[in-house]
Amino acid sequence: MAWVRLSEAEKVYIAHGVQEDLRQDGRSCEDYRCIEVETDVVSNTSGSARVKLGHTDILVGIKAEMGTPKLERPHEGCVEFFVDCSANAAPEFEGRGGEELGTEIANTLYRMFNNESSLDLKALCISQAEHCWILYVDVLLLECGGNLFDAISIGVKAALFNTRIPKVRILEDEEGSKEIELSDDPYDCIRLNVENVPCIITLSKIGHRHVVDATLQEEACTLASLLVSVTSKGLLTGMKKVGKGSLDPESIFEMIETGKRVGKAVHVSLQEILNKEESLGKQRQKVGFLG
Amino acid sequence: MPGDSRRIRGPEESRCPLLYALPESPQAPEQARTEPRPLYARAGLLSQAKGSAYIETGGGGGGTKVLSGASGPREAERRDGPGLRGARLVCEFRWAPFARLGPRCGVGTALERELSLALQESLEPAVRLERYPRAQIHVWVLVLEDRGSAFASALSAASLALADAGIEMYDVVVGCALSRGPGGCLLLDPSDRDEGRPKSGGCLTLALMPALNQVCGLLCNGEWTEESLSQAVRLCMEGCHRLYPVLQQCLVRATKRKISVPQSGPA
Amino acid sequence: MKVLKWGSEHSIWFKRERLCSTEECSAGSGTYCKHGYVFASLSGYLVRKSENGMLPVISVVRETESQLLPDVGAVVTCKVCSINSRFAKVQILYIGSTPLKNTFRGTIRKEDIRATEKDKVEVYKSFRPGDIVLAKVVSLGDVQSNYLLTTAENELGVVVAHSEAGVPMVPISWCEMQCPQTHSKEFRKVARVQPEFLQT
Chain A
1 MAWVRLSEAE KVYIAHGVQE DLRQDGRSCE DYRCIEVETD VVSNTSGSAR
51 VKLGHTDILV GIKAEMGTPK LERPHEGCVE FFVDCSANAA PEFEGRGGEE
101 LGTEIANTLY RMFNNESSLD LKALCISQAE HCWILYVDVL LLECGGNLFD
151 AISIGVKAAL FNTRIPKVRI LEDEEGSKEI ELSDDPYDCI RLNVENVPCI
201 ITLSKIGHRH VVDATLQEEA CTLASLLVSV TSKGLLTGMK KVGKGSLDPE
251 SIFEMIETGK RVGKAVHVSL QEILNKEESL GKQRQKVGFL G
Chain B
292 MPGDSRRIRG PEESRCPLLY ALPESPQAPE QARTEPRPLY ARAGLLSQAK
342 GSAYIETGGG GGGTKVLSGA SGPREAERRD GPGLRGARLV CEFRWAPFAR
392 LGPRCGVGTA LERELSLALQ ESLEPAVRLE RYPRAQIHVW VLVLEDRGSA
442 FASALSAASL ALADAGIEMY DVVVGCALSR GPGGCLLLDP SDRDEGRPKS
492 GGCLTLALMP ALNQVCGLLC NGEWTEESLS QAVRLCMEGC HRLYPVLQQC
542 LVRATKRKIS VPQSGPA
Chain C
559 MKVLKWGSEH SIWFKRERLC STEECSAGSG TYCKHGYVFA SLSGYLVRKS
609 ENGMLPVISV VRETESQLLP DVGAVVTCKV CSINSRFAKV QILYIGSTPL
659 KNTFRGTIRK EDIRATEKDK VEVYKSFRPG DIVLAKVVSL GDVQSNYLLT
709 TAENELGVVV AHSEAGVPMV PISWCEMQCP QTHSKEFRKV ARVQPEFLQT
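Residue numbers (the working numbering), protein chains in the order written: chain A, 1 to 291; chain B, 292 to 558; chain C, 559 to 758.
Simulated from the structure, these hints should not be mistaken for lab results. Mixed in with the good hints, there may be bad ones.
The calculated lysine to any residue pairs, modelled on SDA-like cross-linking and capped at a C-alpha distance of 25 Å, are [said to hold, decoys possible]:
(1) B:547 - C:637
(2) C:592 - C:615
(3) A:244 - B:433
(4) A:122 - B:402
(5) C:659 - B:377
(6) C:637 - C:726
(7) B:549 - B:427
(8) A:244 - B:377
Produce the entire structure from the sequences given, and follow the hints as far as they go.
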């Protein structure tokens with residue numbers, strides 16, 4: 001991960017602020033920074049989204065490709081996550097430096113999506129045990145300013161919302177040989193139901209309290225944090241402790257509670273933004289990368 | 292997944308016959324279980340490792356068997372990152388290729404890497420890393436047979452191995468797993484059938500330092516409500532407290548075998 | 559100083575009901591304090607020592623030698639692996655008089671070889687690969703380097719060196735050693751070994 005080095009005095013300053021529910025940038029412990037989300041930013045993808053959260057900048061692109069379903073799940077398509085930590089985000093990521101963090105994030109995403117309800121994988125099946133859609137979710141880290149997990153999960157949800165998979169039909173002739181036909185109409189496509197796609201909320205323990213959406217400086221004061229993945233209905237689809245420290249059992253319960261509350265609020269505002277952007281359609285002014 | 296090049300394998304593609312098994316008939320109504328399965332632990336059994344431990348849970352009809360070893364502190368190979376002031380803990384978690392039900396599993400899968408990292412992050416709070424500046428401590432865990440809750444046993448085994456190696460620690464880490472059945476009942480220390488059942492509500496593995504009452508690791512997937520998750524965390528903690536005396540006893544026995552009573556101390 | 563009690567019944571480690579409160583005893587090696595109590599951090603035998611008038615020190619004993627790591631200020635015995643014009647690379651074999659199970663690498667920089675006239679020091683006139691050197695740890699080093707050692711004291715420097723004929727040489731001055739067989743002289747930064755280190 002990208003680090004900043006802090007002196008003891010700076011750490012004490014941040015910890016005292018958190019204790020008083022007033023953080024460096026004026027937020028309270030449960031406030032997020034301003035999140036900017038834009039979908040459909042890369043034209044050659046099935047769906048894409050870009051998320052800016054403070055100085056964290058994430059680009060998510062989804063490509064839908066056809067493949068064969070997994071042997072043990074013949075009725076389902078699958079989703080593959082890749083996280084690329086480019087050297088733009090932090091010089092440490094150069095070469096293979098970002099690989100470790102990238103796999104860690106990708107594995108966490110798998111864990112949080114590994115349940116029945118997050119995504120309806122059956123909708124991605126074209127014909128049983130033969131053809132299905134494989135969604136390659138590629139996450140690109142453009143800039144690293146703390147709270148990667150939350151920003152990435154928001155980006156993934158927005159990109160999945162934006163994803164349009166073309167309709168295909170399987171044609172079978174008399175001899176039983178099958179042919180795949182792709183629809184010509186670019187508007188003839190399936191959309192994914194993202195209602196239950198979870199967002200990850202990272203709760204970082206600073207002193208005796210926990211904060212959401214920690215900045216890099218705050219992350220440097222954190223010994224342990226809890227990742228909680230929450231759906232819009234308030235279901236928890238995963239949890240993971242990260243960091244070198246340990247947590248009090250009582251604080252875990254508090255963190256779960258906060259995570260659920262904050263997570264639901266994030267989902268509500270995210271959905272609102274996505275719907276609004278969708279309704280604008282073609283008139284939407286694209287902000288792009290220089291915005 | 293990279294193939295194993297050192298060995299001539301059979302056909303390029305093979306399948307596990309279990310794929311073609313009939314779907315399991317609905318099981319007898321599940322009972323919520325709040326007791327961990329019986330556990331057998333032994334420390335200090337490998338002669339070449341500085342510390343080692345073996346844990347078997349379940350018993351009867353085959354249980355989960357986990358072997359762990361520890362070495363160090365030795366000179367650190369890599370000196371990057373903020374690990375200069377304390378030791379670096381390097382953890383490796385692996386399944387034997389034949390350990391699990393179903394198809395044989397390859398080496399170095401994403402899950403193994405994820406769990407290795409989780410193992411490291413769960414043990415780091417317990418080890419007094421600041422006592423070993425610039426050094427490196429290795430722990431490896433091999434699952435010989437996985438009949439459920441392998442990662443929980445791995446946590447306990449790894450911390451026993453570290454303690455057996457004489458590494459200073461704040462406390463022994465005890466791992467405990469829990470799975471939620473389709474009916475929503477909570478099963479402590481699930482077997483592999485409970486874990487692998489489709490539509491199981493989710494799995495949780497918790498690592499606890501019982502003497503300090505600190506949770507040092509938490510890993511969970513599936514779908515949970517806030518209440519059921521809190522309940523699950525509580526149950527797991529209780530399970531850890533139950534297993535703690537067993538691990539301690541095992542450690543005391545190993546220590547007695549390994550070191551002799553100090554001779555009257557420096558007079 | 560005397561051992562008050564020890565024995566197998568006290569060998570319990572990580573006692574759930576901690577060892578004692580910090581008011582009764584102060585924490586020695588193998589223990590740590592938390593919330594006003596002393597806990598064990600090793601599995602071993604409990605030793606309680608009390609000096610007259612002082613709080614008894616409670617510690618947990620185990621064969622600790624193997625745990626030892628070079629620390630700043632420690633006198634170490636090392637073997638020279640390679641030299642170049644700027645530094646000598648060594649392998650640390652002993653800390654004080656305890657052998658290490660795993661050796662550590664260290665560096666003696668040119669300016670740390672002797673205390674005076676540092677600018678005139680030449681590494682190859684001070685050490686040769688294979689020499690056994692007494693040195694002191696000055697720093698644990700930073701990201702790039704390993705342990706930094708110094709021999710800038712009279713008592714530190716080469717203690718055992720072999721001549722080109724392969725015979726252990728005899729020191730003849732603080733900067734020279736002689737081969738007893740060929741009588742050829744070689745330059746070394748010779749240590750004046752203190753008598754207490756000479757016991758075998």
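Numbers of unmet hints, in rising order: Going through the list in order, the structure violates hint 1 alone and respects the others.
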